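Protein chains in written order, with the working numbering: chain A, 1 to 312; chain B, 1001 to 1709.
Incorrect hints may appear among the rest.
Said to hold, decoys possible - Computed list of lysine-lysine pairs in DSBU-like fashion (alpha-carbon distance at most 35 Å, straight line):
| no. | chain 1 | residue 1 | chain 2 | residue 2 |
| --- | --- | --- | --- | --- |
| 1 | A | K221 | B | K1103 |
| 2 | B | K1211 | B | K1162 |
| 3 | A | K227 | B | K1103 |
| 4 | B | K1403 | A | K221 |
| 5 | B | K1382 | B | K1509 |
Stated by the list, open to error - Here are a few chain A residues that face chain B, going by a calculated C-beta distance under 7 Å:
| no. | residue |
| --- | --- |
| 6 | D18 |
| 7 | G73 |
| 8 | N77 |
| 9 | G78 |
| 10 | Y210 |
| 11 | R212 |
| 12 | R215 |
| 13 | A216 |
| 14 | K221 |
| 15 | R226 |
| 16 | H228 |
| 17 | T232 |
| 18 | V303 |
| 19 | R308 |
Keep in mind the hints are simulated off the structure, nothing from the lab.
Here the structure is a predicted model, which means the values were calculated and not measured.
Just so it is clear, CB atoms sit at the ideal spot from N, CA and C, and this is done for glycine as well.
Now for the letters of each chain:
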Amino acid sequence: MVVVATNITYFLANAFLDPRTLFVGRRPPLTEQQVDTLLQANNLNSHESIFLRWWTWAKDIVLHWDWGNSPTGDPVNGEIAFRIGVSAELLLGAFVLYTIIGISLGIYSASRQYKVSDRIVQATSIITLNIPVVVMSLAIVLAAIGFNQKVGIRMFYVTGSSSADAHGFGKIVDLLQHLTLPTISLVIISYAGTQMLQRSLLLDTISADYVRMARAKGLTKAQAIRKHALRTSLIPVATQVAFSIPGLFTGAVLTETIFNWQGMGQYFIDTLNKMNINGVVAVAAFGALMTAIGAVLADIAVVVLDPRVRVH
Amino acid sequence: MTVTKIVGLPQSGHSDALLAVRDLRVSFPSEAGRVDAVAGVSFDLQPGRTLGIVGESGSGKSVTSLAIMGLLDDAASVHGSIRLGGRELLGLDDRAMSRIRGKDISMVFQDPLSTLTPVFTIGDQLVEALTIHGTMGRRQAAERAVELLRLVGIPRPESRLKSFPHEFSGGMRQRVVIAIAIANNPQVIIADEPTTALDVTIQAQILQVLKRAQEETGAAVIMITHDMGVVASVADDVVVMYAGRPVEHASVYDVFAKPRMPYTIGLLAAIPRADRRDAQPLVPIQGNPPILINLPDQCQFADRCPIAIDACRDDVPQLEAVLNASNDDDDGGGHDRDSEHQVACVRAAEIEDGGTIKGRPIFPVPEIAASDLAQVPRGERKPVLAVDNLVKEFPLLKGAVLKRRIGTVYAVSGISFDIREGETMAIVGESGCGKTTTLLEIMELAPQHGSDIQIDGHSVTGLNKREIRTVRRDLQIVFQDPMGSLNPRSTVFDLIAEPMRAFRYSSDKVEKRVEELMDLVGLNPEHSDRFPAAFSGGQRQRIGIARALATNPKLIVLDEPVSALDVSIQAGVINLLEELKARLGISFLFVAHDLSVVRHIADRIGVMYLGKFVEYGEVDAVFEDPQHPYTTALLSAIPLPDPVKERTRERILLTGDLPSPTDNSPGCRFVSRCQLHQSLEPDRQARCRDETPALTGVDGVHVNACHWR
């Protein structure tokens, strides 16, 4: 499926993006011949048959794991490898945090349905769910700058993913200083979806007959929820969360842009703007791969949570 | 949960009561106002005894049991007193209650399909119940779990411990639930409608398991049910509840032999009986139970009671001991106060044993016109529906993309019968035997090869679409669930008019006919612009019947038409069907699992087992002289609403569940569960296994498919 999706993207990207336009308006103007040669070097010449170009592209990937170059000649491989690392630093931490926070708050609010604490959690979730990323991030940036000024030292960095001068142990501290703000911003805007889903699913199972039965056996309400209701309600949540992984990598465009992280999301927009066909395709391939990984993770989660599927 | 305790309550005369409930009141907040689900329930439960709590839906019986268990919603407010062995349970927090639940009081719930956690094995759930109270280690608990499963009659308990609930049938799951309930030798077992979701044959098994469990643990049982037959079978004492209040409390014999509360009398008169031929129609109780919001201080039954007087509306009548009029002659010293028999009725003293007052019955028996057709012998009446060798098979497929056939479900395999004008034919059998499939196949009007369906004398094989449409006019259906079968967004007028519009009746005609139909089924025609939600269950079923009648069909097919209704409402619908049959000469094909209803309403009956008729004939002949061993077992499994009869008769208990209908090898399909088969000599047994029995007997009157009967 990953292969099919990637190839379809290749043809689509070639149909929609025209690197030729990059050379329009150059001073001095380039001749048709010159543009062809420049593009030919990067296997992007639209005067060549699409199938021939596809063949070269596919051959390079299969034989050399070479995903091609941008119209300006930069290799896509190096760019992607670097950016996956950057994105992963930012997103995996945020992903784990907001999933844990979302599920925990969901359980907390479901077991206290209609009490004050539940209503506070629900209200907060609804508010954070509706705050645009930009507003949230800028607010955090302002707050952090304010904090830095008050303390007098630069506690939090508001831009970039690392400082050039850090080394050794300082590198980790430096990373954390850079990571804190975008992570907070991501967690705040993303946890609410998981929280609400977990809450409603758990509420469904809390009122199920088998939870009442567990209480009738002598479990306290909290025990019954933890042992009997939680597991069944986690199954759909786990599926949902696992499938959100691909969207995560390419979806954090705004956060990456605001905090100036050179991540995958930013690269995706960048490649589209700069007619970087090979870059777009590589990003799409990465997304497809993430979807596949998400699906596998979802299946693993279901098997872990639901012993019935293990039986046969 | 808000809880208040009442201090200085009158102490019970029985200080040995295990569980003493005093003036229990439960209310819930709702959008419409405060719902008083339970309004003053008091009873004592003695060790080793069984207390039956009966009542219709909404009478507060389940809420009472949940209040005792402390399992009510947090929003509920509970008042009064519940004492277990002298200890007050109300007001205990969840932690303290959890030490009592499962150890001292345990519970069996209604729906065995949803009471076991799907993702844990049976063994895990049993062991959890055994270890949660810290009385047992895991290894010891595992041994005890095997013992418990064996006690409740689960074969091969060691290997079944590792099974998940979905690998068990409903009856088996209920056995597991009972095993969990008796795991810690509780003092009190509360069974909340434990057999309502099960077939009669399985119900009989489960009731027996419960009885054995009770003997084993010496526990007191609270049996909550709406089925008077179950009460008669298991209870020692009975509390009848109505609108959140107990209205009669007596020993089981007194409740059935000399009820004093008009509601109890009405309830008993409304139940059809499987054990006798009913000469007269059932006696329905008019009206519907009240909605439990802002109830006035009066007898809640007064609005439905035919003998209500002004005093009934003055105050809420309290449970009071009955003046035991029938004991007059032994001591001659005037009336004896029978403290065991309490009634909440201001006129209780005037009511006599047979449910009469001043010699006249409290509930007048409605009159239903006799049909003219009843005079015509059956052979001279036209057949409305004739089914010949009806077959329905479903393929069993396997594989995700490419399906291959790995077997066949023989849902219906070769049944034949006919229905004459003005006749009711019933098909009975356990769930999964193919009753509903038979109905749907008939409604489909497209018999599989080799089968034939004749409507009004004409075969439907080879008819084109237009002709089939005309045939459909003569054939209508009423479904089981009166809520689900009516579109909630259509008015009653539209619902009833729909079949007529499908057959392009003129709008004048439709309007007149809807009015006529509503009148016919006992609804007020002025309500035709209302939506189904505004009607009660019984009224909705009447709407369904009116819709079926709209095109003047010759035959109406009814799939469990009264099983979703309360007893007092059910009687009215049954009477309506009988009246329609008599007045319109209409025929019914009726599918039901409640054999008492069938006995009352049907003229002929087909007993179905795994897609085949095992016995077929006139209803009285079959009920009075059941020949096939399956029919005998089925009939003996019905609990009769008569404690004396119920406790003295011999019961044939079928073992096991319905086998899977994928086996079509020759031989009798009932052989695996047959009680007769086991008593036969080996050479005769071989015939049962190898030769498929045919229906034999007096043709058209009473036939059965058993080699030896």
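Ascending list of hint numbers which this structure does not respect: 4, 6, 7, 8, 9, 15, 18
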